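Asks: This is what each chain is made of:
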Amino acid sequence: MALKIVKGSIDRMFDKNLQDLVRGIRNHKEDEAKYISTCIDEIKQELKQDNIAVKANAVCKLTYLQMLGYDVSWAAFNIVEVMSSSKFTYKRIGYLAASQCFHENTDVIMLTTNQIRKDLSSPNQYDTGVALTGLSCFVTPDLARDLANDIMTLMSHTKPYIRKKAVLIMYKVFLKYPESLRPAFPRLKEKLEDPDPGVQSAAVNVICELARRNPKNYLSLAPLFFKLMTSSTNNWVLIKIIKLFGALTPLEPRLGKKLIEPLTNLIHSTSAMSLLYECVNTVIAGQYSCSVGRIKSHLLCVQKLRILIEDSDQNLKYLGLLAMSKILKTHPKSVQSHKDLILQCLDDKDESIRLRALDLLYGMVSKKNLMEIVKKLMIHVDKAEGTTYRDELLTKIIDICSQSNYQYITNFEWYISILVELTRLEGTRHGHLIASQMLDVAIRVKAIRVFAVAQMATLLDNAHLLTGNMQRNGICEVLYAAAWICGEFSEHLENPVQTLEAMLRPKVATLPGHIQAVYVQNAAKLFATILKNQEGNTDSTAAQETSQMMIDRLPLFVQSANLEVQERASCILQLVKYIQKLQQKDVEVAEEVSALFAGELNPVAPKAQKKVPVPEGLDLDAWINEPPSESESEDEQPKAIFTKEEPKHSRPRHTEVDEKELARRREARKQEQANNPFYIKASPSSQKVYQEAPGVEHIPVVQIDLSVPLKVPGLPMSDQYVKLEEERRQKERAEKKKKEKKKRKEKRSGRGKKHDSGPESEEDITPAHVVDIVTEEMPEVAQEDQNHLPSPYLCRVKICICMFCLCRPLADSEKLPVRSHRAAGAPKSPAEDGEAENATPQEPKKKSSKEKRDKKKDKERDRKVRLRCWKHLPPSGHKSDSRSTPSEGRTAARRQLRRCNLMTQCFTFLVFPFSRKVCDIQGNLQDGSQVVVSVIFENKSDSFLKSMEFNVLDSLNSKLQRPEGSGPHDGLTVPFQLPPGVSNEARFVFTVQSIVMPQKLKGTLTFIVKNEDSSTHEKLDFKLHFTCTSYLITTPCYSDAFAKLLESGDLKSSSVRLEGVNMPFHHLLARICFHHHFSVVERINSCASMYSRSIQGHHVCLLVKTTVSIDAKCDEPTLLGNVLDEIKQTFSQC
Amino acid sequence: MRFMLLFSRQGKLRLQKWFTSMSEREKKKIIRDMTTMVLARQPRSCNFMQWKDLKIVYKRYASLYFCLGVESQENELLALEIIHRYVELLDKYFGNVCELDIIFNFEKAYFILDEFLMGGEIQETSKQIVNRSIEASDMLQETLEEYMSKPAF
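First to last, the protein sequences are chains A and B.
So in full-length UniProt numbering, spot 149 of the first sequence is number 149, and the numbers just go up one at a time.
So in full-length UniProt numbering, spot 6 of the second sequence is number 6, and the numbers just go up one at a time.
No wet-lab data here; the hints were simulated from the structure.
For clarity, every value in this text was computed on a predicted model and none was experimentally measured.
Some chain B residues judged to face chain A by a derived CB distance under 7 Å, without partners named: (1) Leu13; (2) Gln16; (3) Cys46; (4) Asn47; (5) Phe48; (6) Leu77; (7) Leu78; (8) Glu81; (9) Ile103; (10) Thr125; (11) Ser137; (12) Gln141.
Heads up, simulated DSSO-like pairs for lysine-lysine below, C-alpha to C-alpha not over 30 Å straight-line: (13) Lys12(B) to Lys16(A); (14) Lys29(B) to Lys12(B); (15) Lys108(B) to Lys118(A); (16) Lys329(A) to Lys52(B); (17) Lys52(B) to Lys176(A); (18) Lys27(B) to Lys176(A); (19) Lys34(A) to Lys27(B); (20) Lys12(B) to Lys29(A); (21) Lys339(A) to Lys52(B); (22) Lys17(B) to Lys29(A); (23) Lys59(B) to Lys304(A); (24) Lys12(B) to Lys44(A).
The following label-pair restraints were derived from C-beta to C-beta distances: (25) Asp91(B) to Thr1106(A): 57 to 65 Å; (26) Asp311(A) to Asp91(B): 21 to 29 Å; (27) Glu26(B) to Leu620(A): 33 to 41 Å.
For each residue, glycine too, the CB sits at the ideal point set by N, CA and C.
Same shape as in the complex, but just chain B (with noise of 0.2 Å):
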């Protein structure tokens, strides 16, 4: 995998996610391709694009698109659940999640995608250890600004 992208129906971006490192030209210019092509497929079509040498595999939720730029050897139906198991895993950390949850808490969403792929791999394909990963380090995260918002005089 290259990278993961969450825009809007308008094309805003929601969501970047680099796998291998890119300057920030290139990268804006992957995101305006890819905004501009997705947004552009019509209905009930496939959720497969070939761009240069990448395969792009997009699917939408609602009114986020989500959008994975592989290498064009990968499996794009792999892909496709890639995607679905991100938004199970964010669905189940906001409980019904909605593009608002993505848009204020997003380093949430980042947590939670760098627990679930690492590198442009898979890091842990199981559910259930992802959330709890997640679930532990926001414990830390948590008994930490307890402690900090503590009068600490």
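So that you can see chain A by itself, here it is in the shape it has in the complex (with noise of 0.2 Å):
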């Protein structure tokens, strides 16, 4: 035995320690792994001795390698060896490397379980504390569960030192197994008053913890932290208080009121950084009650993040931007003051500074500001040095200015000259991002299409500046959209015949393919205007140079080698002979190409395919063709520009691959390439070359240095627009301010109430062409869609959609137009075609109400020949692809388009009901009994339609407001007329007595029709549905306030059963959300709670399960009955 222990001690002198290890491999750095690789050899042999010195300095060493990132789980056991050596120097090592090296899933952590128990109840405190520690590393649920009970008891060891560490390892316990918290959780409480400071902030520790994740069972502290709270002076301590605070303050609202006046102290008083800036985020997270200490307090936060931004250092500034756009989310206009702060910081040098700075700027637009912030953007953006900030700047910009529907933008043309002045940017990534913003805009913005397409016409004239680096230039997109531009409304350019000459350049057979193709595709639309244009004059031969040059230029394109510009030049030069041929016959041909390409393209919202019907008996999931199977070489997508990869709906693909499936892949892949006599292999020098060549960080990349500016001639500049629009905004304001004298005047004799003309509100500025943006289409039934877009102050409660179709002659309209059209056709021209529809007689029938039914039939089908047309269109150039429908076809669904619109007026009526206290914060909260009703009248017919008088049948509980004087039975003037295809909106007040019933009201509408040579007095009957639903608003409820709420049993219950309802759960309450204004309170499992409160005042409360029944509980039993067979239709439909 002695002499056993003589070897062991002996042997130790020869062995490497930590520090000759250490040292050891610095010496050999040139060959690190192999020395290393001989140590872990070792390493190995020590552990096979039985002196646990040896075991303990070799363990020692793996924890050391283990941290180089060398593989060490084979030596676990020994490691568990050393842990239960009885001596503390090695039970520490052992600890220590079990808390580096064992996770949840090393087996041997089983084995631990009775050394750790040993550990924690031994005399020794420290061999207690360093089994806690090591514990908290590598807790599991087994252990957490075996090992509770004697943590607990821990916690109230005699000395502080144990039961701090044990306070805060029950933490980690309560994650691995939460059923010790109950039983634990006197003890901890107890522990928030240990004599012992570091106990007390171990506690709080634990508990603001746990708080974080179900803050509601720990309210009952609440007074207990505030008693620590005032006493404490531990800054650290008192941060973690505050933060609890946080996350209680939103159950218990008259916590936050408590807490003002000690946050606002602190606020004042400390001089540690971190508690005041803990301070300021719970005041700013607390935001939502409306009292004047809140409002103090929040200015007081305001003024000290200013003054965080204002500091020299960097945390600061960054902290104070980032709480900064938290206020931005609640207080968007307190934060807009500080405007000029938040632009200075744009020019830091940090980046992390910048990013934020572009955060908040994103929210702090306005109509005013947006050209004077977009400039010093587009200043940011020529400065910038690094691609990715500038591209991240582009992106903002983008973003910026086309937020919410181009809200801010009041000019377009200085909207597009942004964009164009954009697309000279060197070498960045989002061309297609431009490119998709320009044709947006040029679809959406009729009034802008004259001046887009004249810039996009210099853009297509100036591609070669555009355009150094061909192919892995991002910016060339921008020129997919100028050329779609030009071609798509061709009819506004100056000099066609110039612009054609521009897209057929040689040089455009450079560009990518699918850019070409468009290029070929619009070439063709261009030369169907020319020949337009041309034709009028007696002169042909200008038509006849046209075609000749179109065939002398597309045969490089027939050559191409991408399949859509070959198969479309082809097709268009086939096309342009055959038209060439009939020139020199002198046919007139004009009319007969243009009409390849006639008809508005309408954008459709995104959402409008999901709403057309998937035909019965089509399985949309069923693979049409079997998925290839894994080994084919997977070809790089073509890249679909303009539409935005949704990341949400792309099934998580397992790209991390390991290392052997890649080489089991490639392995397979290349035995296919050695089978497959049609592959040609890479001859075994090249492959070496390859190998052998240096990195490509290597090769010398010549700068090019221009030392021209960069600007494409012709085109504006940006910069004059701000000031242009200055100038017209003050002028506005000059002739405002000359009419409002002359009211004030004319009025003066009348009232004397006059409102002041003070600084410009947003409202004020108007935009300064007429621009309609055209709203993205949508059929009707996809109408209530709409709703996704939050509407700013409308309450938007129920649209209710009723079509008539006044002068549609039914024989028509049974057969429906599917006439196709071909080029060289019967020669009837769509022109007559219109004709002849206008001429049918215009008058309205009588509708009796089985007419009504069929009408609304035929309305149907119309809209779903509608709804087919419109895939095949690009939604506001998404997806251009479907370009390559034959075009036939496309005119053919391009008339029908036409057609129907010439056929149908429609009138859509959307109600939205919405009480005063939504919209306008002082005027009077409690009157419930106002709906107003919102009426888009649309035209859809091409006569002009003026006189619109509006009127509704009062009922007993709900009239419309007249104005005084007026009988109960006189109509509303509509307050606007409508040229064809315009609409516009009217809004009609009515007071509803009771709201428990849903009621129905008849009205007519009565209205001129003004044709060019007649006009005629029309009738419109219609009906407004007032449905239970529209008279609730969506309002928050918090759980507690919904349990006492339940509690108080003033609530009538009632209960449905959905039937034949087969959709997951969440949609289920996302369409009760939608459709019924409900809110979810809280979602448990397999049943949701869910409440909404009607205009008067009446809760309603939902439990919504998954077996789809609604158990239901309201104060009116009768608006609950109402509001359930509403729900019930609604899923009857679906």
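Combine both chains into one complex, guided by the hints.
Replies: Put into structure tokens, the structure is as follows:
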């Protein structure tokens, strides 16, 4: 025995200790891996010895190697051996190794339970301490379950050193073994008042963490914490307590009020920035009630944040901006006043500060300052050195401008020129983003098209400037948009021949395939326009010259390697050749050719397709062709530009394939290639060359220095717009003032009250030119989907759509016009077609209810047709690939579309009640009897509508509010006229007595239809459907308030089962929320509670279960019954 | 707190502490991401970064970077103070600490950290108490080592 020990200690003298190992590694920089592998071999030998000291030394070295990234999991058992040594020195090393190397799946952990238990109850407090520390790193659910009781006892250990550790580790135990929380909690609570400050702060830490996960259970501790907060002087503990309160206040609003004072005191008094920041953050996070104290403390916060941002310390600046962005969500106004400061931060050297400032800018723009901000950003774009930051700026500019449907843009000419300026960016990745913006604006803003087309033509003309390095340069995507816009709206082109020439230049052939394809297709559109322009002339040579040019240039594209380009080019080439033949015979062809591309493309809302019902028997999920086998070479998919890839929809693919799998695949591929006679193998020599070549970084890149500023000639600079806009607004303001003065003069005799024309407000700024933003079209069924867009002040409650077709001859509507049109076919022009339609008598038929039903059906059919058309048309430039449909089909589709519009006059009624509560803050809060109905009048006929009068037959319960002095049956004049194709919205106020029943009001709309030669008086009947749902307002409710409400016993209950509903639960909930204005209070596994409130203050509570039954409670049983009926109806329709 | 990393300017890891159990693969990925991200920062930038759902707070002391990954609700400034406190503790223990101290006595650096933080929470806010407990356990170790090195025959 003694000999063994002697032998052991002699061995030790020759062993490497940790220091030797570290030194050795440092001395073997060249062959580190080799050295370490010999070391590991030595360690393996050492671990085989019986001497625990040797083993501990080996384990210590292993821990070091583990940190360097070597796998030491094989030594797990030896680590356990060292852990169980009775000597503190070794035990310490053993536990350290375990805490570094063990994780939940380490199987030897199971062996440690008893050892750890023994150590926990050791008389030596440091043994216990070491065991606790180690356990905190590798605790598993099993260990937690087995040791929870031992640890709980340790929480009342005599030594604070142990108590403190036991309290902290309890948190880990709770996480792994939640059942332990309940029995341990009383003791944990005791520790909050432990005499030792360390134990106390540990308990605060643990409870704070617990409360963050589930604040509700810890509300009862609030008074205790409040006491701690006012008495504690330890900043770190204070921060934790304040964080805890931050989690509690949303549940107990009174707490928020109580906290204001101590928090503001702390903000004023503390010198610790971390504490100050925590206080400010908590105050900001609790901004929901609107008391005086709140506002004061809020102001204080904003002031403090400003000081932080102005500080020279980058950290404070960053945090200040971060906190500002939280305020921005609730109080955008108070952030906007610090615009100067935030703009300054854009100049900061630190990129993360600049990015934060950019985030803030997004919420700060208004109509007034948009141009200014964007101008500033443009300067930054020019200055920015790194491409990533510059790209970030670019996307931000576009985000800022396009947010909420271009809400802040008053001058689209300016926006287009900004986009054009952005195209000058070298090497940006976001060409497609700019392109899609150009397309979107050009399609949706009709008034801008002339300008846009002119700009795009210049772009095309100067394409060579954009495309320095064709393939790699993302910016050439812009040409895609330019070509399409020039083609589609070619009627606005000033010099179409020149643009056509530019589009057919030989250099175009170097562009990426999909862009060339668009070039070719749009060249054809341009050609059609040119023919149309020139045909009027007596001299036909010009037209023939154009044809000749097409015939000369197109063959270049016919030879293209890209299939799409080739196919389109050869198609169009044949067409032009045929046209040329006709031209030579002096046949007029322009009409025919332009008919190919006739009709307007309407933008379609992205969700429209979803609303098209899937035909029966079509399974969209089934494979048409079996998916290709894995080994097939994965060609890169052509990138779909203009459709934003939504990561949500894409299935998370397992991209992380491990090395082995990759190797296996590689092998399989090689095998396949070897067997494939068509696969040309790379010669081995070339492969070698490739491998030996230095990395890409070593290839010298020559910077081409352009001394001339890169400016596309002939393009206006966006800056000038800023100036122009300013002038325009000034002029406008002056005019307004003049008008107001006039008014005031007039009014002076009447009422004396007059609002002063103070500084210009948001609403005063009117757009430069009448820009009608064409909203994306939606099929009628999809109308209600628009509710997804949050409307700022209207509480949109119900949209009920009534449609009437006025002047559609029945016979015509029965056979749907599906005439395919060939270029060389019967020479019946669309214009004639249109006239024929117009000629049909436009007399409204008297509507019997049966007829009406028929018409509805027809209407539906029409809609289907239209939807089908839409499928072919790119939604505002999305998926322009669908262009590959044969042009005949497209023409037919377009014409149908047109005819539908021609034949039907539809009136869409949108109803939204809103109580003043929602929209007007200082208005009377109690007016729950008013409902505002917004009606959108849309003229789909070709005639002018005027003198519209809106009248509703009042019921006892609901009355239309008419101006004073008018009788109860008088109609209200609609304050506008409708030119063809225009829509406008008018609002009518109704007073409603009782809201418990749904009701329908009959009404009529009378108007005068004015044609070129005649004008007739028309009448249109409609019904307004006030559903009970429409009286509900989505109101958030916290679960405790909800519980109180249910407990109060004032509510009557009722329940309903939804039959045949087969949809995911969250869809079901979303549907109820969306269609019936409920909000989800809480969702627990298979059921969810929901809440809503009527405009007269009735509470409606639902408990929805996955078994699709709804238990409901409400203080008004009739209302409840009707709401439930409506819910049932909603689900029976789907 | 999720993890604490110490690495040199060359990106060599000097110390790693994980407060939640994680697989080796995840750890390696995080270490790689952190070193590249932190080392790429310009001087005079702020000490905070966003990485996935975590806040990364780092600070450079001489040639060593201290990097702390905390949950998104945590207070960044507090995290900075924690780093600083740890450096103070190391300084006190080694007496003007340098990178080599941590390399050669890496287990000591861990022991100090374990007395200061536990399971991702602050264990002891007082410097004196931390120092005292480290000294006490070192004493225990020292006496044992003396005992061991005594000739056993």
